[in-house]
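If you read the protein sequences in the order shown, they are chains A and B.
So the first sequence is numbered by my numbering: it starts at 4 and just counts up by one.
So the second sequence is numbered by my numbering: it starts at 7 and just counts up by one.
Read the hints as simulated data drawn from the structure, not as lab findings.
Mixed in with the good hints there might be a few duds.
Estimated spans, in silico, between C-beta atoms of each pair [said to hold, decoys possible]:
{"id": "1", "chain 1": "B", "residue 1": "K74", "chain 2": "A", "residue 2": "R84", "range": "25 to 31 angstroms"}
{"id": "2", "chain 1": "B", "residue 1": "V84", "chain 2": "A", "residue 2": "D66", "range": "29 to 35 angstroms"}
{"id": "3", "chain 1": "B", "residue 1": "T51", "chain 2": "A", "residue 2": "L42", "range": "26 to 32 angstroms"}
{"id": "4", "chain 1": "B", "residue 1": "S18", "chain 2": "A", "residue 2": "L58", "range": "40 to 46 angstroms"}
Chain A regions said to be covered by chain B (calculated; three or more residues, Cβ under 8 angstroms) [what the hints assert, rightly or not]:
{"id": "5", "region": "34-48"}
{"id": "6", "region": "53-67"}
Ideal placement from N, C-alpha and C gives every residue a C-beta, glycine not left out.
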Amino acid sequence: GAGVSQSPRYKVAKRGQDVALRCDPISGHVSLFWYQQALGQGPEFLTYFQNEAQLDKSGLPSDRFFAERPEGSVSTLKIQRTQQEDSAVYLCASSLDGTGGVELFFGSGTQLSVL
Amino acid sequence: DQQVKQNSPSLSVQEGRISILNCDYTNSMFDYFLWYKKYPAEGPTFLISISSIKDKNEDGRFTVFLNKSAKHLSLHIVPSQPGDSAVYFCAASRWTSGTYKYIFGTGTRLKVLA
Numbered sequence: 004g005a006g007v008s009q010s011p012r013y014k015v016a017k018r019g020q021d022v023a024l025r026c027d028p029i030s031g032h033v034s035l036f037w038y039q040q041a042l043g044q045g046p047e048f049l050t051y052f053q054n055e056a057q058l059d060k061s062g063l064p065s066d067r068f069f070a071e072r073p074e075g076s077v078s079t080l081k082i083q084r085t086q087q088e089d090s091a092v093y094l095c096a097s098s099l100d101g102t103g104g105v106e107l108f109f110g111s112g113t114q115l116s117v118l
Numbered sequence: 007d008q009q010v011k012q013n014s015p016s017l018s019v020q021e022g023r024i025s026i027l028n029c030d031y032t033n034s035m036f037d038y039f040l041w042y043k044k045y046p047a048e049g050p051t052f053l054i055s056i057s058s059i060k061d062k063n064e065d066g067r068f069t070v071f072l073n074k075s076a077k078h079l080s081l082h083i084v085p086s087q088p089g090d091s092a093v094y095f096c097a098a099s100r101w102t103s104g105t106y107k108y109i110f111g112t113g114t115r116l117k118v119l120a
């Protein structure tokens, strides 16, 4: 596709439910990032992949959060036993490589609401 | 501990005038600084970047200035247009743990009045 695609666009979950958020990056992009954006805040780093390798997961808030990119393309962010504080927009971004000045291409995000 | 700060949550500017958005950072190890623009219900889109070894970068109506001694950068938009109304995030990147990590500020909502 032409851009980064995320699905679903909106997700409503009951507290305690597991959710899976999908990201399809731009074809050929090596680097993939997940960010969490709470209302009125900037995006906060969750985790980073270079191809299929998860090189940094220091931003994942708890062990309920898990991300994978098994074939170095599509990535899934899974949240187990969702809590109300997990409500946020989850943004996926990709870039051609991992250099610092290269722009990140963001998807439109998945807005997660935990009731 | 917020490493990238945007202290003005909002800014209103008349069409045709200059918009100046500010950003401060605390970590002198950042290598690049970037500005992103975000419309409602869309992901952020890249606007302009600057390397830490430069003090100015210009792209059309957009100019970013970097003052390393003050740990401050600013984005100038001139002339401002109504379509520039959006939330602007500054971001800084640094090499850490084998990757480049991008840290974003909290954003400034710009409203350009026609």
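For each hint, the structure was consulted:
1. K74(B) / R84(A): 25 to 31 angstroms: 45 angstroms, violated
2. V84(B) / D66(A): 29 to 35 angstroms: Since the Cβ atoms of V84(B) and D66(A) sit about 48 angstroms apart, the hinted range of 29 to 35 angstroms is violated.
3. T51(B) / L42(A): 26 to 32 angstroms: 20 angstroms, violated
4. S18(B) / L58(A): 40 to 46 angstroms: Holds, since S18(B) and L58(A) (Cβ atoms, about 42 angstroms apart) stay within the stated range.
5. 34-48: Contact hint for the region 34-48 of chain A vs chain B: holds, 9 residues under 8 angstroms.
6. 53-67: Held - the region 53-67 of chain A has 4 residues with a Cβ nearer than 8 angstroms to chain B, which meets the minimum of three.
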